[in-house]
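Peer 1: In case you want the letters, here they are:
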Amino acid sequence: MAARMILMVDDDRDFVEAVSSYLESNGYRVVRAHDAAEGLKLAKMERPDLIIMDIMMKERTEGFFAVQELRRAPELEMIPVFVVTSLYTALGDFKVQPDGSWLAHDEFFTKPVRLPLFLEKIRKHIGDGAANQSANAGTRPL
Amino acid sequence: MKILKLPKGNLDFFASVVQQFGEVHAPVEQNGHFVFKRLARWSEARLNYDRTTIPPKKYFLPPRETLFRYRAGDGYKACSEAIDRRLVLFGVHACDIYGLNILDKVFTGRYVDPYYQSRRRNISIIGIDCSPDQHCFCRSMRADFVDHGFDLFFTDIGDYYLTLVGTARGDDMALATTSLFEPVTQEDIDRYKQSSLHKRQAFKLEVEIRDLPEIFEMEYQNEVWDELGERCLSCGSCSMVCPTCYCYDVSDSVELGSRSGSRVRNWDSCLFRTHAVVAGGENFRKNRAARIKHRYYHKQRGFVAEYGRPSCVGCGRCITACPVGINITQVIEQLRGVQNAQNA
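These protein sequence lines are chains A and B, in that order. For the first sequence, our numbering begins at 767 and goes up steadily by one. For the second sequence, our numbering begins at 457 and goes up steadily by one.
In case anyone wonders, no lab produced these hints; they're calculated from the structure. Heads up, some of the hints might be wrong.
Below are the DSSO-like pairs computed for lysine-lysine, each with C-alpha atoms no more than 27 Å apart in a straight line [said to hold, decoys possible]:
1) B:K493 to A:K810
2) B:K655 to B:K464
3) B:K464 to B:K742
4) B:K533 to A:K824
5) B:K655 to A:K824
6) A:K807 to A:K890
7) A:K807 to B:K655
Given the sequences, and given the hints that come with them, work out the whole structure.
Peer 2: Structure below.
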């Protein structure tokens, strides 16, 4: 069985590498992008099973526009989108409702991410990674 | 009317959140010109633009649209795919909103155009104030300020945008972003009045439109029209860029075999040679002078009689688009000059 593919879009390369390694060790295939434009291009080319999207990249609202773009593309609109951002810590009074009402995301995480919970949510949306190597997973928040 | 203020620093967040009301389209720079276009990111928006090449009417009355498709035996099926698309036009100038209010009179008045009406319902308008350049004369046309036709309207008052809430949907937008707005103080109102005064004083171009319909009535045979006919190329650029020109042509595009096809409407212009051709081949406005005169009379005379005001909003697009430099303000001045000379 082919590994489930996750597209991770985040300009923090260290964070991308750390989370990707964790997800890969749990049997997922991770495709990496470091800005919204690259992420959207890869999403259209690769059709991942799930997308992890940062918000504040080159622009502080880049991810908001990227999520809307994903939702507008008929071939991508059903792909679950996890927003992972440090937005709350940067702008405390600006709220994104966790139910995804206006942002149209499926799950919302603030950095640092608790990886076991993150993995659990991923499994809930797209199932196990093909190799199912969850026993190797670390638990330290990233 | 509810009035709030939005710190300029919050504008990108505001734009992000209003995406829930539809795709955000705003002026972006393209080859040295501005066009209304869907934003892929907020930094593409250019809110301090002078004017877009094509006005926002393109969203409500597209340059080409299929009205319905037909097939022998099946009857016809109305095309309504794009008319329910929810958009947010961000950064529309007052004159262009005024232009849409004028189109409303035509398309949602006595004879309702369902395509236009549906788009008007589904497209939100967020207006923004502007500073006039050397081609703007919207103040002369009483279109430098609008009191309706928008959901929200932003006026630059320094570190904030004073925000007028124009509709219930505008109120919903403000409610969805409550944490981004602040209440207005007397100081903000004073700044708004100051900004309004500066704008008023910045106009370089002015035309007098009082009694203009009457002057047009008197000057129907004036030689100005022949002179204009000599210069005009009948290219139709002025009509295409005009926020209130609404002429269209309807034609059938028939598939091979003639059993099915579609009915399409395209923008048309009264400056085109075939515009006044009727069945039998007669053309009521064969020469260019007659056509350009017709355009001026429709805008400044006929529309006043029908709807109580000229259909020109003074955006200046026809001045910038004309390849031979025909300038409506100069034409009006010329007519007034001739009239004054004759009266003297």
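Peer 1: Hints numbered earlier in the text: which of these fail when held up against the supplied structure?
Peer 2: 3, 4, 5, 7
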